[in-house]
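J.: Mind docking chain E on chain H? Use the hints.
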Amino acid sequence: MTSLTPILQGNLQGYILVALLLFVIGLFVVLSRRTVLIQFMGVELMLNAANVALLAFARARGNDVQATVFYLFIIAVAACEAAVGLALVVGLFRLRQTTDSDRADALKL
Amino acid sequence: MFAIFALITLFGALSVAFQKNLVVAGLCMVLTFFGVAGLYLLLSNPVAAALQIIVYSGAIVVLVLFVIMLLSAHEEEPAGRTMPIQRWGSAVVALALAAGAVRVVLTSGFMQAMKPLKIQGPMNLNLVGVELFRGHLVAFEVAGLLLLATMIGAVALVKKDL
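For the protein sequence lines, the chains are H and E, in the order given. Sequence positions in the first sequence follow the numbering used here and run 220 to 328. Sequence positions in the second sequence follow the numbering used here and run -18 to 143.
Don't read these hints as lab results, they were simulated from the structure. Virtual Cβ for every residue (Gly too), placed ideally from N, Cα, C. A hint or two may mislead.
To be verified - Below are the SDA-like pairs computed for lysine to any residue, each with C-alpha atoms no more than 25 Å apart in a straight line:
no. : chain 1 : residue 1 : chain 2 : residue 2
1   : E       : Lys1      : H       : Asp283
2   : E       : Lys99     : H       : Gln316
3   : E       : Lys1      : E       : Phe47
Stated by the list, open to error - The following label-pair restraints were derived from C-beta to C-beta distances:
no. : chain 1 : residue 1 : chain 2 : residue 2 : range
4   : E       : Ala31     : H       : Arg280    : 17 to 27 Å
5   : H       : Gly310    : E       : Gly39     : 17 to 27 Å
6   : H       : Val296    : E       : Val4      : 19 to 29 Å
7   : E       : Leu76     : H       : Leu223    : 13 to 23 Å
8   : H       : Ala325    : E       : Asn107    : 23 to 33 Å
9   : H       : Val303    : E       : Val85     : 26 to 36 Å
10  : H       : Thr224    : E       : Arg68     : 34 to 44 Å
11  : H       : Leu250    : E       : Val123    : 30 to 40 Å
12  : H       : Thr224    : E       : Gly102    : 43 to 53 Å
As the list claims (entries may be wrong) - Per the computed footprint, the stretches of chain H lying under chain E, defined by three or more beta-carbons under 8 Å from a beta-carbon of chain E, are:
no. : region
13  : 266 to 272
14  : 299 to 313
Okay, chain H solo, but in the shape it has when bound:
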């Protein structure tokens, strides 16, 4: 066990801890809420947690430029994911008049 003071001042462990907790909260949002839009927000939170971990490790390795370039690409893909995901939500609403993921069960046996 380590002392908590360096973590509270923000060393590598502190950032990784925040990233992991953010990921877990995002997972909890996706698992426990039924509205598709909130679940989508949970997915965004998880993606952000991954980015925080990436840039924290990059800082520990001497602020490597490669990590920021990767972050740029991740952001581009995240923007694509957001656009398509929200288009799917609008499509679901048009088909079923609902944004509840429990009611989108057309593929259920």
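T.: Below, chain E without anything else, positioned relative to chain H:
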């Protein structure tokens, strides 16, 4: 400073999890993204912080709020059938994962041994641009193509008759 931004981030994320009103949840997500941008600033990476604020708190949250208001889905719909097992199960899974994560991070010798290397100064856009166009030109073009394909795909998904 780190503790403040970490608290802002986690508080915003938790209020997304427990907020009933979807618009307020979206605004709590803005809070989270600003907290994450502050963390990036503390990591001496202002480029990433600016991108985070522009793309996430700017574009993506606006898109989400726009769709919430378009579908007028401010309130969560009443459940068709109540499934308390789902809520409790997800809480248990999340708590177990969080406890495991905290334990792993606090006891990991690898991360304690990892001393941060010295850096010249904060990340600047010049370095990123040179690296992007020297080393990742093809990937950059593919990303542009992906954005175009996504735009067409999103329009095709929501348009009634193409």
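J.: Which of the listed hints are not met by the structure?
T.: 1, 2, 8, 12
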